[in-house]
Amino acid sequence: MTKHSAKRRVLRKQRRLRKHAPRGTPPGTMHADPNAPATSIRIIAFDSERLAEKEIADPEELRDWIGKWGTIWIDVTGLGSIDKIRSLGEVLGLHPLAMEDVVNVHQRAKVDVYRDYLFITSRMIDDCDAMQSEQLSFFLFHGVLLSFQERPGDCWEPVRQRLRTHRGKLRMTASDYLFYALLDSVIDSYFPVMEMLSDHVDLVEEKIERGEAQTPIHEIHRLRGHLLMIRKSIRPHREMINELIRNDSGLISPETRIFFRDCYDHVIQLIEMVDTYRDLTADLRDFYMSAVNHRMNEVMKFLTIMSTIFIPLSFVASVYGMNFEYMPELSWQLGYPFALSIMTTMSIGMLFVFWRRGWIGHRDQAFHDAESR
Amino acid sequence: MTKHSAKRRVLRKQRRLRKHAPRGTPPGTMHADPNAPATSIRIIAFDSERLAEKEIADPEELRDWIGKWGTIWIDVTGLGSIDKIRSLGEVLGLHPLAMEDVVNVHQRAKVDVYRDYLFITSRMIDDCDAMQSEQLSFFLFHGVLLSFQERPGDCWEPVRQRLRTHRGKLRMTASDYLFYALLDSVIDSYFPVMEMLSDHVDLVEEKIERGEAQTPIHEIHRLRGHLLMIRKSIRPHREMINELIRNDSGLISPETRIFFRDCYDHVIQLIEMVDTYRDLTADLRDFYMSAVNHRMNEVMKFLTIMSTIFIPLSFVASVYGMNFEYMPELSWQLGYPFALSIMTTMSIGMLFVFWRRGWIGHRDQAFHDAESR
Amino acid sequence: MTKHSAKRRVLRKQRRLRKHAPRGTPPGTMHADPNAPATSIRIIAFDSERLAEKEIADPEELRDWIGKWGTIWIDVTGLGSIDKIRSLGEVLGLHPLAMEDVVNVHQRAKVDVYRDYLFITSRMIDDCDAMQSEQLSFFLFHGVLLSFQERPGDCWEPVRQRLRTHRGKLRMTASDYLFYALLDSVIDSYFPVMEMLSDHVDLVEEKIERGEAQTPIHEIHRLRGHLLMIRKSIRPHREMINELIRNDSGLISPETRIFFRDCYDHVIQLIEMVDTYRDLTADLRDFYMSAVNHRMNEVMKFLTIMSTIFIPLSFVASVYGMNFEYMPELSWQLGYPFALSIMTTMSIGMLFVFWRRGWIGHRDQAFHDAESR
Amino acid sequence: MTKHSAKRRVLRKQRRLRKHAPRGTPPGTMHADPNAPATSIRIIAFDSERLAEKEIADPEELRDWIGKWGTIWIDVTGLGSIDKIRSLGEVLGLHPLAMEDVVNVHQRAKVDVYRDYLFITSRMIDDCDAMQSEQLSFFLFHGVLLSFQERPGDCWEPVRQRLRTHRGKLRMTASDYLFYALLDSVIDSYFPVMEMLSDHVDLVEEKIERGEAQTPIHEIHRLRGHLLMIRKSIRPHREMINELIRNDSGLISPETRIFFRDCYDHVIQLIEMVDTYRDLTADLRDFYMSAVNHRMNEVMKFLTIMSTIFIPLSFVASVYGMNFEYMPELSWQLGYPFALSIMTTMSIGMLFVFWRRGWIGHRDQAFHDAESR
Amino acid sequence: MTKHSAKRRVLRKQRRLRKHAPRGTPPGTMHADPNAPATSIRIIAFDSERLAEKEIADPEELRDWIGKWGTIWIDVTGLGSIDKIRSLGEVLGLHPLAMEDVVNVHQRAKVDVYRDYLFITSRMIDDCDAMQSEQLSFFLFHGVLLSFQERPGDCWEPVRQRLRTHRGKLRMTASDYLFYALLDSVIDSYFPVMEMLSDHVDLVEEKIERGEAQTPIHEIHRLRGHLLMIRKSIRPHREMINELIRNDSGLISPETRIFFRDCYDHVIQLIEMVDTYRDLTADLRDFYMSAVNHRMNEVMKFLTIMSTIFIPLSFVASVYGMNFEYMPELSWQLGYPFALSIMTTMSIGMLFVFWRRGWIGHRDQAFHDAESR
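Protein chains in written order, with our numbering: chain C, 1 to 373; chain L, 1 to 373; chain Y, 1 to 373; chain X, 1 to 373; chain G, 1 to 373.
No wet-lab data here; the hints were simulated from the structure. Keep in mind the model is a prediction, meaning the values are calculated, not measured. One should not assume that every hint holds.
What the hints assert, rightly or not - With a straight-line Cα cutoff of 27 angstroms, these simulated DSS-like cross-link-like pairs (lysine-lysine) come out:
{"id": "1", "chain 1": "G", "residue 1": "LYS207", "chain 2": "X", "residue 2": "LYS232"}
{"id": "2", "chain 1": "Y", "residue 1": "LYS110", "chain 2": "X", "residue 2": "LYS110"}
{"id": "3", "chain 1": "C", "residue 1": "LYS110", "chain 2": "G", "residue 2": "LYS207"}
{"id": "4", "chain 1": "L", "residue 1": "LYS207", "chain 2": "C", "residue 2": "LYS169"}
{"id": "5", "chain 1": "L", "residue 1": "LYS232", "chain 2": "Y", "residue 2": "LYS169"}
{"id": "6", "chain 1": "C", "residue 1": "LYS207", "chain 2": "L", "residue 2": "LYS232"}
{"id": "7", "chain 1": "L", "residue 1": "LYS110", "chain 2": "Y", "residue 2": "LYS84"}
{"id": "8", "chain 1": "C", "residue 1": "LYS110", "chain 2": "G", "residue 2": "LYS110"}
{"id": "9", "chain 1": "Y", "residue 1": "LYS110", "chain 2": "L", "residue 2": "LYS207"}
{"id": "10", "chain 1": "G", "residue 1": "LYS169", "chain 2": "C", "residue 2": "LYS232"}
{"id": "11", "chain 1": "G", "residue 1": "LYS110", "chain 2": "X", "residue 2": "LYS207"}
{"id": "12", "chain 1": "X", "residue 1": "LYS110", "chain 2": "G", "residue 2": "LYS110"}
{"id": "13", "chain 1": "G", "residue 1": "LYS54", "chain 2": "C", "residue 2": "LYS232"}
{"id": "14", "chain 1": "L", "residue 1": "LYS207", "chain 2": "C", "residue 2": "LYS232"}
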């Protein structure tokens with residue numbers, strides 16, 4: 001656990017450094033996180049017949065592309081270079097508030113409707129192990145999709161492959177379907193994480209049932225924390241996709257709407273899974289604590305029975321161990337058997353009391369051995 | 001319990017193998033579960049006068065049937081043969097997203113409205129013991145009902161019998177009523193499961209009251225898990241049937257709507273039963289833990305009383321068991337009675353303290369015996 | 001408690017026998033419970049001037065009555081004779097689904113709107129002690145009210161008396177007001193039950209405060225079970241009466257609507273009472289467990305203080321009880337006082353440690369006696 | 001606490017006597033509580049220029065007043081004289097159902113709309129200490145306000161003073177504003193009660209933090225009960241005032257509506273306070289129980305350490321206290337030092353084991369003393 | 001902790017002094033808190049070309065300003081001088097109910113719509129450490145913004161700077177955007193507080209994991225109290241801002257509405273953070289208590305094992321320590337070895353029993369040492 005804890009401690013420290021923007025700054029101001037990776041801009045432009053990919057350094061180059069292709073996907077990775085991002089915003093005419101939300105990576109999933117475009121934020125689980133989530137931002141225009149990722153490495157490689165190989169219906173369609181394909185990949189990337197967690201819950205449950213769990217409480221606590229984090233990430237997507245479906249800006253075609261409905265179903269499914277697992281882990285914790293308590297009670301009952309039987313016996317023995325000169329029993333011929341028989345009577349009486357109260361024998365399996373000993 | 005646990009462990013392993021589709025695949029792609037049973041297609045075609053049943057191998061044969069019968073029920077069992085299912089989808093013109101949901105058996109109950117048909121998914125409790133649920137999918141056309149089951153074995157045999165024997169109003173009516181009859185069977189199949197669980201809860205409660213429960217915590221935990229699973233299955237049906245009732249596609253006639261309303265009542269009743277039993281089992285667990293705690297306290301009080309009475313007595317005895325040469329009491333004529341009377345005084349004083357604090361005697365039944373001993 | 005438990009066990013067994021209808025039967029099929037009492041049909045027909053009462057054996061007789069009286073109340077008791085009930089349904093033209101719900105006595109309170117009549121189900125608490133609830137079903141026509149009870153014995157005798165004695169406005173009004181009068185009696189019959197439970201809760205609380213409670217946990221658990229059962233019965237009435245108020249079928253006149261609004265207020269009041277008592281009993285259980293825990297801690301602290309004071313003392317005594325030939329202290333003139341003074345010092349030191357940690361003395365009342373002893 | 005408990009017991013007995021109306025009585029029947037104080041009727045009639053006050057004995061006298069003054073406030077105190085109240089109802093033409101609700105003092109706050117008037121019930125906290133609530137009923141006509149109180153003594157004296165002294169805008173306005181002024185006083189009378197409770201919660205928290213709390217569990221339990229009772233009283237006011245604001249009967253003028261909105265804010269504020277304090281007291285109870293548990297653990301650990309160190313030592317000592325004739329160690333020259341060194345070794349070993357497990361020393365502050373002892 | 005507690009005790013006392021207005025006063029009456037700081041009024045008037053700042057003593061001076069500037073911000077600090085505030089209200093024609101809410105500093109965030117202006121209240125976290133919140137009130141007119149603060153010291157200095165330096169779009173815009181800028185600062189001032197709390201939660205979690213936490217229960221309790229307080233402050237802002245966005249009074253321009261939408265997102269984000277942290281701390285408390293319980297069980301098991309092994313051994317030893325004259329074993333040649341072998345047998349038997357029950361050895365890591373000792 002120490003290795004795991006160490007990793008988490010590092011992440012916590014990072015989180016503490018990457019704070020919210022200083023208060024009092026005018027709205028629409030962008031603050032770069034000094035640790036953010038440098039920004040790279042990659043264009044994939046295509047229509048049903050041709051496809052071009054290019055990495056551009058200066059956002060001004062974009063002006064040469066727009067309007068000349070069916071669909072242009074501007075894929076921005078890394079939020080470290082504020083100037084590049086700002087210039088990109090100017091080229092495409094983006095609202096400062098939206099630009100601020102792009103670099104302030106603490107947004108919930110949401111849709112903001114502007115006149116010419118939709119601004120959408122989403123969250124992706126980045127690293128299954130470290131349970132780190134990453135903000136994704138999209139600007140959806142007619143014919144242009146602009147996406148921002150916090151870090152290199154994403155779940156969109158298969159989408160790019162499908163574009164290049166002309167596989168699926170992706171190439172024939174407009175920017176809204178491309179956006180759907182990307183969002184769908186993001187939502188689908190939650191499933192393996194949930195499955196990993198569900199396997200983990202199963203494992204812990206199995207271990208507790210077999211009595212082999214070493215630190216189930218730590219594990220359950222960590223699982224619950226992960227579930228909380230996933231819930232916080234995924235839940236706003238419900239509302240977000242719902243708004244996309246009902247949106248009447250004309251940016252999303254009726255055909256694509258059917259696909260978003262499918263996406264919506266997946267989000268609901270994920271939310272229900274998370275809620276079910278929150279309930280399950282709560283049950284599991286209660287179950288474990290009850291089991292522990294039960295075993296504890298067995299232990300205590302055993303101690304009580306042993307102690308209360310032997311304490312009076314030892315007392316009798318120590319009485320006859322006193323060194324008084326005038327103790328008549330000591331010189332009796334049958335003093336020793338007499339003392340032993342007192343002790344036997346006492347222990348039988350005590351066992352009878354225990355039996356009457358149901359602490360040993362018929363009612364509880366746990367003390368059969370103790371009794372028959 | 002080990003037998004039961006073994007069964008669950010096998011199921012868990014199966015679940016772990018049957019994963020969600022690999023991420024990054026284009027939407028609408030079907031992934032066969034390699035362990036799924038092979039697909040068999042069975043047609044029951046009927047109108048008020050005639051009825052024909054046939055098992056077909058090639059979905060293309062369907063074209064000979066459609067349009068020639070009042071109602072055709074295409075009953076597909078087993079999702080192992082992706083090609084057959086895909087070809088079926090092409091014959092009937094089904095949307096790829098719906099087809100994907102048919103084979104991806106993790107759907108919640110829902111209705112998706114397409115132009116010519118409704119796509120409905122539902123879940124059935126398969127195996128009462130193993131608490132395994134199975135996905136059912138329906139495509140409802142005018143005059144055609146297409147149903148998919150995961151595995152052979154269902155709760156629809158009585159419906160088939162009623163079709164064959166012309167019993168009930170089933171033969172005279174259209175595909176929407178047939179669909180209602182099937183859905184009603186599915187919903188009704190939850191009741192025996194709920195009754196089994198409710199009997200189990202009663203039994204556990206009775207056992208706890210009689211003090212005979214061996215591992216009530218394990219049983220309650222398992223019952224709660226089952227209830228959670230049933231809730232997850234049944235709850236989405238509420239919304240689903242509600243959408244069927246309000247649906248205005250013309251596929252569901254006003255007469256059948258009354259029947260769906262009845263179905264809706266059953267679902268609400270089931271949901272309330274599950275919620276009530278979740279509450280009841282939570283109460284039961286708290287009750288059991290309280291009872292255990294209470295007994296534990298009795299045990300501890302007994303130990304404390306015994307120990308604190310005898311510990312000072314033993315101390316006095318061991319003092320007079322010391323071997324000092326110059327201990328005046330040892331040579332007193334009345335040394336022994338003197339020591340015994342000290343001990344008696346101490347124990348009476350101690351009992352008085354206990355009585356004053358209400359640990360023995362008047363306030364709590366539990367120690368009457370201890371006192372009168 | 002055993003008597004009470006025995007009663008409950010019998011009820012549970014009955015419940016287990018009286019199962020849900022076997023699955024797979026066509027909708028609208030009626031299944032008689034073999035233990036249900038035989039059906040008797042009693043007619044009370046009246047208008048503002050005359051009133052007639054008759055027990056009829058054959059539902060066909062009804063045809064002679066209908067249309068000839070202002071209002072006819074057909075009061076059916078006992079659901080054992082399926083044929084009679086079916087024939088009654090045919091005479092009045094009732095929908096099979098509604099008839100099925102009449103005999104399947106597990107319905108929640110609800111309103112189903114049919115063309116000529118309303119079908120309403122409600123639940124009544126039958127036996128305050130056994131906490132058994134009974135289903136009531138009503139068919140409300142213009143001029144005819146048909147009511148079904150599970151068992152003889154009801155809360156409607158006062159209504160019948162008012163009809164016979166012409167007391168109140170009952171005789172002057174139509175079937176909807178009669179239905180209101182019956183439903184009002186049913187709702188009002190919950191109040192004495194709630195009052196009985198509330199008195200019980202008060203009593204248990206008083207007993208716990210006085211420390212006289214013997215098995216409060218059992219009682220609280222039973223009370224919570226009763227409250228859950230009442231909540232399950234009463235809660236659907238809210239929605240049901242709300243639908244009656246908003247119903248625009250013309251069967252319920254605007255004047256009667258005001259009375260249903262009053263009924264609605266009573267239901268809300270009952271639901272709030274049940275919820276408050278659920279919260280109260282949860283608080284009570286927590287309170288009791290906390291009190292038990294607190295007393296337990298006192299007991300344990302006492303044990304610890306006694307043990308840890310005497311254990312070292314006894315050790316010293318047993319050291320000087322060893323029989324070694326060469327133990328210099330034994331032959332000292334002041335060996336005995338020396339040993340005693342070691343013991344005194346140890347116990348004072350120990351008491352000082354306890355006092356420093358706040359286990360005895362100033363901080364906690366509980367050990368004042370122990371210290372000053 | 002006994003004094004407090006005694007008071008509560010008396011109240012409970014009263015509550016048990018003052019039951020709900022006997023079941024089966026016709027709706028609209030008034031049942032007098034035999035313990036209710038006698039009814040007195042007091043009229044305050046005013047317009048902007050004149051004001052008259054009179055106590056009347058016979059409700060018929062009212063006919064001389066109505067229509068001759070701008071606003072008439074009929075202030076009825078005590079519900080003991082059913083005849084007077086009934087005659088009052090006849091003079092003003094009140095609906096029997098509303099009259100029944102006036103004397104059946106278990107109503108929740110609500111608004112019932114009748115043709116000529118509004119019927120409003122509200123609840124007031126009567127006695128801060130006893131936590132007794134009183135029902136207030138109002139009939140709001142154009143130009144007439146009829147109010148009923150259960151008992152003499154209210155929070156309206158300042159309103160009467162303002163009427164008499166012409167202070168505030170009260171005299172210039174209609175019956176709706178007078179009603180607002182009264183309702184506002186009622187709502188505001190909850191604030192001192194909440195403040196008293198909040199101070200009590202603060203005090204208990206402070207005491208627990210200082211470790212001075214004697215019976216915090218009893219106090220928290222009582223506070224939670226009070227909060228539940230207040231919540232039950234205040235919560236329905238939200239809906240009630242909301243209905244007053246949206247009411248379009250013309251009885252409430254748009255100018256007064258602004259004032260009701262202010263009243264609504266106060267109710268929301270009260271409900272949030274109650275909910276916050278319910279959460280706070282739950283936290284407080286958990287906190288106290290955790291603290292108790294923690295101290296308990298310390299106590300137990302101390303006992304364990306002391307016992308497990310001395311138990312083996314005592315055993316060694318008692319071995320060499322045996323009286324066998326042939327025990328070689330007894331006659332060794334160094335037998336005594338040998339035994340002592342065995343004991344020392346054992347205790348050092350035991351302390352090492354404890355230290356390794358973190359029960360003493362570095363990890364937990366609690367045992368620093370024990371170690372350094 | 002004592003320092004911290006002392007600070008809280010002082011705050012509590014202050015809170016107890018600063019009560020709600022005495023009951024019975026007419027609505028719209030202003031009550032000054034005697035401890036409130038004196039009122040100072042500061043005007044910042046500007047349009048896109050010029051800016052003037054002035055501190056005025058007499059509200060009448062305002063008449064010289066209004067209408068002569070694009071936007072006027074009247075910034076009132078301190079609520080001690082009721083006369084000044086009243087006269088300000090008269091100059092601007094404010095409603096008495098709104099004025100009352102300004103000085104009665106217990107309001108929830110809300111919007112009240114009047115004919116010419118909006119009245120808005122909000123709450124700001126004042127002092128991160130003491131968790132004290134301050135009420136802010138705003139009157140938003142066309143061209144005039146009036147703001148009230150309880151105490152000097154706010155989070156608006158950056159806004160003033162931006163006004164003076166002509167930075168941002170602030171100077172070019174109307175009073176609604178100025179109001180947005182101020183409200184945005186208030187909302188943003190919650191983020192550092194939440195981050196401080198989240199860091200604290202992380203720290204406590206880390207400490208508990210490392211076993212270094214001294215009084216985690218106190219810390220968690222305090223954190224939960226802070227979260228409750230923040231939730232109470234922030235939650236009403238959701239509704240408040242929502243009403244601002246939907247408000248159609250023309251006081252808020254469509255361009256500013258986009259900015260309020262951003263503000264709304266921040267509030268939702270804050271509410272979700274608070275809820276998540278409430279859940280997290282509850283989990284943390286359960287986790288800690290479980291960990292404590294688990295360690296306690298280990299301790300108890302150790303005690304039980306040690307005691308039950310040595311108790312019978314000591315008994316045997318004390319039996320042979322009795323001083324009877326006729327005890328045959330004492331004079332046996334092999335009596336001593338005989339006694340020792342009895343003891344060895346007993347302890348081996350006892351260890352076997354423990355092992356069989358799984359208290360030592362294979363099942364639980366915790367007792368490996370104990371066993372191998």
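Do the hints match the structure? See the list:
Taken as a hint, the LYS207(G) and LYS232(X) pair is broken in the structure, with Cα atoms around 42 angstroms apart against an allowance of 27 angstroms. Proximity of LYS110(Y) to LYS110(X) is assessed by CA-CA distance (about 24 angstroms); at most 27 angstroms being required, the pair is judged to hold. As the CA atoms of LYS110(C) and LYS207(G) are separated by approximately 36 angstroms, the hinted pair breaks the 27 angstroms bound. For the given pair, LYS207(L) sits about 62 angstroms from LYS169(C) by alpha-carbon distance, which is inconsistent with the 27 angstroms threshold.
For the hint pairing LYS232(L) with LYS169(Y), the CA-to-CA distance comes to about 51 angstroms; that exceeds 27 angstroms, so the pair is violated. In summary, the hint linking LYS207(C) to LYS232(L) is supported, as the alpha carbons are separated by about 25 angstroms, within the 27 angstroms threshold. Straight-line distance between C-alpha atoms of LYS110(L) and LYS84(Y) comes to about 41 angstroms, which puts the hinted pair past the 27 angstroms bound. Between LYS110(C) and LYS110(G) the alpha-carbon distance is near 24 angstroms, which keeps this suggested pair within the 27 angstroms criterion.
This hinted pair does not check out: LYS110(Y) and LYS207(L) have alpha carbons roughly 36 angstroms apart, beyond 27 angstroms. Restraint check for LYS169(G) and LYS232(C): not satisfied, since their Cα atoms lie roughly 34 angstroms apart, outside the 27 angstroms limit. With a C-alpha separation of about 36 angstroms, the suggested pair LYS110(G) and LYS207(X) falls outside the 27 angstroms cut-off, and the hint is violated. The suggested pairing of LYS110(X) with LYS110(G) holds, with an alpha-carbon distance near 24 angstroms, which does not exceed 27 angstroms.
Taking the CA atoms of LYS54(G) and LYS232(C), the gap is about 47 angstroms. The hint is violated against a cut of 27 angstroms. For the hint linking LYS207(L) to LYS232(C), the alpha-carbon distance of about 42 angstroms lies beyond 27 angstroms, and the restraint is violated.
The structure does not agree with the numbered hints 1, 3, 4, 5, 7, 9, 10, 11, 13, 14 stated previously, though it agrees with the rest.
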